[in-house]
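J.: In case you want the letters, here they are:
Protein chains: 2
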Amino acid sequence: MLSTIFGSATLGFAANLITADQVGILPMIVNFTFFVAYISMGAAFVFFISQRNSVAPEYRTALTLSAIIVGIAAFHYFYMKGLYSDVTLPLLAANGANYAEITRNSFLGIINFRYMDWLITTPLLVAKIPLAVAAGRKVGKVITYLIIADLLMIVAGFIGEQYVDNTGMHLLWGAISTIGYVGIIYFLFTTVKEMAKTAEPEEQWAVKWMTMFVITGWGIYPIGYMIPSLLPQLDLNIVHAVYNLGDQINKIGPGIIVYLAGAQLMSRRQRETPAVEVSTGKAPVPAFSPAA
Amino acid sequence: MLSTIFGSATLGFAANLITADQVGILPMIVNFTFFVAYISMGAAFVFFISQRNSVAPEYRTALTLSAIIVGIAAFHYFYMKGLYSDVTLPLLAANGANYAEITRNSFLGIINFRYMDWLITTPLLVAKIPLAVAAGRKVGKVITYLIIADLLMIVAGFIGEQYVDNTGMHLLWGAISTIGYVGIIYFLFTTVKEMAKTAEPEEQWAVKWMTMFVITGWGIYPIGYMIPSLLPQLDLNIVHAVYNLGDQINKIGPGIIVYLAGAQLMSRRQRETPAVEVSTGKAPVPAFSPAA
Chain C
932 MLSTIFGSAT
942 LGFAANLITA
952 DQVGILPMIV
962 NFTFFVAYIS
972 MGAAFVFFIS
982 QRNSVAPEYR
992 TALTLSAIIV
1002 GIAAFHYFYM
1012 KGLYSDVTLP
1022 LLAANGANYA
1032 EITRNSFLGI
1042 INFRYMDWLI
1052 TTPLLVAKIP
1062 LAVAAGRKVG
1072 KVITYLIIAD
1082 LLMIVAGFIG
1092 EQYVDNTGMH
1102 LLWGAISTIG
1112 YVGIIYFLFT
1122 TVKEMAKTAE
1132 PEEQWAVKWM
1142 TMFVITGWGI
1152 YPIGYMIPSL
1162 LPQLDLNIVH
1172 AVYNLGDQIN
1182 KIGPGIIVYL
1192 AGAQLMSRRQ
1202 RETPAVEVST
1212 GKAPVPAFSP
1222 AA
Chain H
932 MLSTIFGSAT
942 LGFAANLITA
952 DQVGILPMIV
962 NFTFFVAYIS
972 MGAAFVFFIS
982 QRNSVAPEYR
992 TALTLSAIIV
1002 GIAAFHYFYM
1012 KGLYSDVTLP
1022 LLAANGANYA
1032 EITRNSFLGI
1042 INFRYMDWLI
1052 TTPLLVAKIP
1062 LAVAAGRKVG
1072 KVITYLIIAD
1082 LLMIVAGFIG
1092 EQYVDNTGMH
1102 LLWGAISTIG
1112 YVGIIYFLFT
1122 TVKEMAKTAE
1132 PEEQWAVKWM
1142 TMFVITGWGI
1152 YPIGYMIPSL
1162 LPQLDLNIVH
1172 AVYNLGDQIN
1182 KIGPGIIVYL
1192 AGAQLMSRRQ
1202 RETPAVEVST
1212 GKAPVPAFSP
1222 AA
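Chains as they are written, first to last, in my numbering: chain C, 932 to 1223; chain H, 932 to 1223.
Since the hints were made in silico from the structure, they are not lab data. Just so you know, not all the hints are guaranteed correct.
You can't tell identical chains apart in this list, so a pair holds if it fits in one copy or across any two.
Here are the simulated lysine-lysine pairs, DSS-like style, with alpha carbons at most 27 angstroms apart [claimed, not checked]:
#1 1124 / 1012
#2 1139 / 1012
#3 1128 / 1139
#4 1139 / 1072
#5 1012 / 1072
#6 1069 / 1139
#7 1128 / 1012
#8 1012 / 1069
#9 1139 / 1124
#10 1124 / 1069
What you are looking at is a predicted structure, and each value in this text was computed from that prediction instead of being measured.
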């Protein structure tokens, strides 16, 4: 088995000549989505970093964090894409390949990279939400609570993944992980929502939509977590495809929200008090309406 | 033996399909922490560089140094992660692998990269502390003393690592290295502490917390140094895991301290004297309260 892996891994680019005739259409689609996620995350990084000075000053930290989140994801997707196109596809294309076994091993190898990514990016994603109303408010404490709940969610999830062949333990750690997830939602709907009440309209809008991503978009992850133990017959390539699409929405989306709110806030302030424009020496930015 | 290493080293990406079933859970965790350290250091680099203009002008040099420190570490972790995931893991996964011997050889190989990193980053880390109170004070001399003590610590430690199989020499050079470490603490608690007394509250806060990192967080290194000779039975992967976590705390932590103090100082100054805003041409930054 090991010699098969080693031999195939030397293929490199040749792996990209593998066709659907050899491995089926689903692995080709998954390979495609890995590549697209890698490039789109990198593109979003450049956008957020470049536009940093086009948002209201108090939104620049949140936009830097948005850039870092997608930048980190671009790196991890680079490695995951490599594992999929340079290792998994050649193994699947080999004569007499065991599709189910290769797919499962590859999925469990790649999931480690997903957790490395989530361990760094999800604390930043939850920290960004109170940062959207940080001007003039003390947000240090609620950010700490959100990050602790988030780390519980990710670390318990990672431990649970190691028990994928032991359904009881897998579900137990999944349940512990869910406590963290519920904790995040709790703080967003109490402390953060309360803070947002006295914030600017653009800030309220940003908090509302970033919270929406957490309660809807993040819902795909517990489902993906349970499939290998509860639905072992399901082709895990479907989970890859859903994760690859979901990650892009859940990471790039909140960054766009922050950008639109910050640009809108800057633009409105410049219309209302032209003096700000003079003191900052910045030219007006176009008025993106979040509602548009 | 060499041909095994070379054969395995060509695996590259395939190594990432190795599972805990083959090598045990600890090497998987260590591999994970190498990867996370590599990416989190890179992410911190982007953050500090991007936020440079959001701190008070006299803190920008310290923030640039903070970025360089984690940027250097990201490169070294890239190479260390490669040695671990592409060489060490495949060797451990091979049939009949001698776990203890491979782990020790890999540890002693990787430690060279740690010293390359420390040789450049630790002088910058100690130099950053007086820089936090540099405005209006002469800090050149104390920075020189701190760097000399630091270099004694690192160079003696590196020489001592070469005598890991000779306990007497190993401990002798360890003791010389400790003189350097004690020297750093001495200058921090005398000259630097004295300077901080007349500094702004944010600057005092920054000096206090960066000193704290040196006297607590740095404590893991002498312990890690002594383990291969004094506790040869201990799994050296534990030392890797502690170093990988400790390095992130000790390098990213002081950068965040500098950032928060600099942002807070800028924000307070803008509230108290709006004229500063005009003279710097900067818009107000959000009020991050280090105390929050």
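J.: Each hint should be assessed against the structure and marked as holding or not.
T.: Comparing the hints with the structure gives:
| no. | hint | in the structure |
| --- | --- | --- |
| 1 | 1124 / 1012 | neither (38 angstroms within a copy, 41 angstroms between copies) |
| 2 | 1139 / 1012 | neither (33 angstroms within a copy, 39 angstroms between copies) |
| 3 | 1128 / 1139 | within (11 angstroms within a copy, 36 angstroms between copies) |
| 4 | 1139 / 1072 | both (20 angstroms within a copy, 21 angstroms between copies) |
| 5 | 1012 / 1072 | neither (38 angstroms within a copy, 34 angstroms between copies) |
| 6 | 1069 / 1139 | both (19 angstroms within a copy, 22 angstroms between copies) |
| 7 | 1128 / 1012 | neither (43 angstroms within a copy, 46 angstroms between copies) |
| 8 | 1012 / 1069 | neither (41 angstroms within a copy, 38 angstroms between copies) |
| 9 | 1139 / 1124 | within (8 angstroms within a copy, 35 angstroms between copies) |
| 10 | 1124 / 1069 | within (14 angstroms within a copy, 29 angstroms between copies) |
Comparing the model with each earlier hint shows violations of hints 1, 2, 5, 7, 8; every other hint is respected.
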